[in-house]
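Asker: Listed here are the chains, written in short residue letters.
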Amino acid sequence: MDAFTTHTGIGVPLRRSNVDTDQIIPAVYLKRVSRDGFEDGLFAAWRTDESFVLNNPRYAAGSVLVAGPDFGTGSSREHAVWALMNYGFRVVLSSRFADIFRGNSGKQGLLTAQVAQDDIELIWKYLEQEPGAQVTVDLAARTVTAGDIVAPFGVDDYTRWRLMEGLDDIGLTLRHEDLIEEFESGRAAYLPVTR
Amino acid sequence: MAGTLAEKVWEAHLVRRAEGEPDLLYIDLHLLHEVTSPQAFDGLRLEGRTVRRTDLTLATEDHNVPTTPGPIVDPVSLTQVETLRRNCAEFGVPLYPMGDVEQGIVHVVGPQLGLTQPGMTIVCGDSHTSTHGAFGALAFGIGTSEVEHVLATQTLPLQPFRTMAVNVRGALPDGVTAKDVVLAVIAKIGTGGGQGYVIEYRGEAIESLSMEARMTICNMSIEAGARAGMIAPDEVTFDYLEGRDRAPKGADWDAAVAAWRQLRTDDDAVFDAEVDLDATTLSPFVTWGTNPGQGLPLSASVPDPDRIVDETERADTERALAYMGLEPGTPLKEIPVDTVFVGSCTNGRIEDLRAAAGVLSGRRVADGVRMLVVPGSARVRVQAEAEGLHEVFEAAGAEWRLPGCSMCLAMNPDKLAAGERSASTSNRNFEGRQGPGGRTHLVSPLVAAATAVRGTLSSPADLDKD
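Chains as they are written, first to last, in the numbering used here: chain C, 1 to 195; chain Y, 1001 to 1466.
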């Protein structure tokens, strides 16, 4: 995983709440067995609508998605994160993220930055007035800057540290294999096995 | 210190706790299916890692499988299923493939085998893993990176959850089922209302439910945004488990039950949030919109966006009604459907099929309505056929299918065409969930069957008036 410190890119105002993972990538696109190539399924249903924001060439190369509350609800599919990242997004701003989506994002290096809805509204207005304008996300300072707007964002300390260091979770856990073995030796005898 | 059920299970699985880091929790059971696992096995292969505990891991084929006899026709679906078979063989993971009597939807298979037990930690790359919480297990959906993590380490680093009690007080009226309860809960707290929480369902109405009904409730916890839903184990739980294939036997059974009896929220424990629902006021519930929180009692009418003050909610409602092709003020009971789907990990168990068959017995599916009945597992199908339920469905004009996820998410050939409308016992009414342009109303098996007969959204009580 690449280390993440700051990112600057075109902001995309997505004026929708409750963007569920079926909208981010419909199930029909989940049949691949690789982690790449999912960008063609990103927001597939909405992209057939000419007025959809990513169909505007000024926003098409966006990398910072600015969304309404409850982003990433529904299915646990990590393909939603891959689709966003394969397309080119590095950051999603929302006032509230679904838990599984946020967890999946942190593992892949997609930053889910929690920004107050009032600030989201200001950023939406700015990006709509200035299509193609850049947004800067500073993970060290935990701020997002869009034009004159400087807004703080929330991200948990551990995810921030892992993103900034570019660390792999499994490698971190395997440092504690002795503790896992110790736990296993104390498990109840009645617990089931699958074979 | 006093604790909630969720906190007790959490603490009992703690492998490592360190300041400023997530807790590392041991996972007792890891379920796999073909959609969210291929990239995880790929990750293991790339790093030269193995599956730490193949004996705590189980795979089944469910999302892509056709529900009519014959092989998988779609080449991409076939690739996914074949990839799962190859990965399970290479890494030594037990697998129930299509055609095996133990095959079925992953969340139906675990409980019916007796693998799902109180106090366990259970994960799967599938958000409806919350189903298993009905046994007092801490069970939740994970992403593919986490699947890889559990395969490699049998543990997961987890940020602590908050706890929420949903108290369903009083007795449920006749004809009101678990599905109606959980749809009412989601409508009350919203699709984000449970975000960050593990919900514990409590109260007389919950205690009176069968294990299968409890699974329906916990299954849809995720639709309220909650990571997991739980119900404290009791005699109903123990009766369900006793004698099942993987349940403890003999002295182990006694030891297990003694431990399970401790799995209750202490009287003086404090939840981070509490929600109360009066069961006696509930009635059959259906969704009208494009998220599971957009639901109303069946006796209500399609909401009018002009009466909604909040700008975002009004815009959401307008968009949902446009997608659903509904006019404000239309009585829900006047909405006609093309398709009725009975099945899924929410309502694809034997009691669900019995409920639907009970309504259909001696009646016919309305002209122009297609009804699919898809058992949640091969065992459910065998049981239903032993009881003659398939004959009731077929005599009514419904299609009796092979087990799988089917039209719940339309990854197999069972789909709605654009503009078609279904009454569905599944869990999500998102845009396009049952096929691009398809429109979904979430309902209970009783409402599904009555709707099939009348052709418009209906409850069994409406049939009695006909």
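Don't read these hints as lab results, they were simulated from the structure. The C-beta atom is built at its ideal place from N, Cα and C for all residues, glycine as well. Among the hints, a few may not be true.
Partial pick of chain C residues on the chain Y-facing surface, computed with a CB cut under 8 Å [to be verified]:
no.: 1; residue: Phe4
no.: 2; residue: Asp40
no.: 3; residue: Gly68
no.: 4; residue: Gly103
no.: 5; residue: Lys107
no.: 6; residue: Tyr158
no.: 7; residue: Ser185
no.: 8; residue: Leu191
no.: 9; residue: Arg195
Cut-off 25 Å, straight-line C-alpha distance, at most; resulting in silico cross-link-like pairs (SDA-like, lysine to any residue) [said to hold, decoys possible]:
no.: 10; chain 1: Y; residue 1: Lys1415; chain 2: C; residue 2: Asp49
no.: 11; chain 1: C; residue 1: Lys125; chain 2: Y; residue 2: Lys1188
no.: 12; chain 1: Y; residue 1: Lys1249; chain 2: C; residue 2: Ala188
no.: 13; chain 1: Y; residue 1: Lys1415; chain 2: C; residue 2: Ala60
no.: 14; chain 1: Y; residue 1: Lys1249; chain 2: C; residue 2: Ser95
no.: 15; chain 1: C; residue 1: Lys125; chain 2: Y; residue 2: Glu1318
no.: 16; chain 1: C; residue 1: Lys125; chain 2: C; residue 2: Ser63
no.: 17; chain 1: Y; residue 1: Lys1008; chain 2: C; residue 2: Glu184
no.: 18; chain 1: Y; residue 1: Lys1188; chain 2: C; residue 2: Ser95
no.: 19; chain 1: Y; residue 1: Lys1008; chain 2: C; residue 2: Ser63
no.: 20; chain 1: C; residue 1: Lys125; chain 2: C; residue 2: Ala188
no.: 21; chain 1: C; residue 1: Lys125; chain 2: C; residue 2: Tyr190
no.: 22; chain 1: Y; residue 1: Lys1465; chain 2: Y; residue 2: Glu1318
no.: 23; chain 1: C; residue 1: Lys125; chain 2: Y; residue 2: Glu1090
no.: 24; chain 1: Y; residue 1: Lys1188; chain 2: Y; residue 2: Ala1300
no.: 25; chain 1: Y; residue 1: Lys1008; chain 2: C; residue 2: Ala188
Asker: Hints first: check each against the structure and report whether it holds.
Answerer: Going down the list of hints, with the structure as the test:
1. The interface hint given for phenylalanine 4/C is broken, as the beta carbon of that residue sits about 16 Å from the closest beta carbon of chain Y, more than 8 Å.
2. Taking 8 Å as the C-beta contact cut-off toward chain Y, the hint placing aspartate 40/C at the interface is violated, the least distance being around 13 Å.
3. Interface hint status for glycine 68/C: upheld, as the beta-carbon distance to the closest one in chain Y is roughly 7 Å, under 8 Å.
4. This hint holds: glycine 103/C has a C-beta 6 Å from the nearest C-beta of chain Y, less than the 8 Å allowed.
5. At about 4 Å, the closest approach between the beta carbon of lysine 107/C and any beta carbon in chain Y falls short of 8 Å, and the interface hint on this residue holds.
6. The beta carbon of tyrosine 158/C comes within 6 Å of a beta carbon in chain Y, closer than 8 Å, and the hint placing it at the interface holds.
7. The interface hint given for serine 185/C is violated, since its Cβ lies 12 Å from the closest Cβ of chain Y, which is over the 8 Å cut-off.
8. Hint status for leucine 191/C relative to chain Y: holds, with the closest Cβ pair at about 6 Å, below 8 Å.
9. A distance limit of 8 Å between C-beta atoms decides the matter here; for arginine 195/C the minimum to chain Y is near 5 Å, and the interface restraint holds.
10. For a cut-off of 25 Å, the pair hint linking lysine 1415/Y to aspartate 49/C stands: about 22 Å separates their Cα positions.
11. Under the criterion of a C-alpha separation no larger than 25 Å, the hint pairing lysine 125/C with lysine 1188/Y is inconsistent with the structure, at around 31 Å.
12. For the hint pairing lysine 1249/Y with alanine 188/C, the CA-to-CA distance comes to about 14 Å; that is within 25 Å, so the pair holds.
13. At roughly 31 Å between alpha-carbon atoms, lysine 1415/Y and alanine 60/C are farther apart than 25 Å, so this suggested pair is violated.
14. Distance check on the hinted pair: lysine 1249/Y and serine 95/C sit about 50 Å apart at the alpha-carbon level, beyond 25 Å; violated.
15. Proximity of lysine 125/C to glutamate 1318/Y is assessed by CA-CA distance (about 21 Å); at most 25 Å being required, the pair is judged to hold.
16. With a CA separation close to 18 Å, the supplied pair lysine 125/C and serine 63/C stays within the 25 Å bound.
17. For the proposed pair lysine 1008/Y and glutamate 184/C, the alpha carbon gap of about 18 Å is at most 25 Å, so the pair holds.
18. The straight-line distance between the Cα atoms of lysine 1188/Y and serine 95/C is roughly 21 Å, inside the 25 Å bound, and the hint therefore holds.
19. Under the criterion of a C-alpha separation no larger than 25 Å, the hint pairing lysine 1008/Y with serine 63/C is inconsistent with the structure, at around 42 Å.
20. Among the hinted pairs, lysine 125/C with alanine 188/C is inconsistent with the structure: their alpha-carbon atoms are about 58 Å apart, more than 25 Å.
21. With a CA separation close to 59 Å, the supplied pair lysine 125/C and tyrosine 190/C exceeds the 25 Å bound.
22. At most 25 Å may separate the alpha-carbon atoms for a hinted pair to count; lysine 1465/Y and glutamate 1318/Y exceed this at roughly 34 Å.
23. Among the hinted pairs, lysine 125/C with glutamate 1090/Y is inconsistent with the structure: their alpha-carbon atoms are about 53 Å apart, more than 25 Å.
24. Annotation: proposed proximity of lysine 1188/Y to alanine 1300/Y holds, straight-line Cα distance about 15 Å (limit 25 Å).
25. With a CA separation close to 15 Å, the supplied pair lysine 1008/Y and alanine 188/C stays within the 25 Å bound.
Hint compliance for this structure: hints 1, 2, 7, 11, 13, 14, 19, 20, 21, 22 and 23 are not met, and every other hint is.
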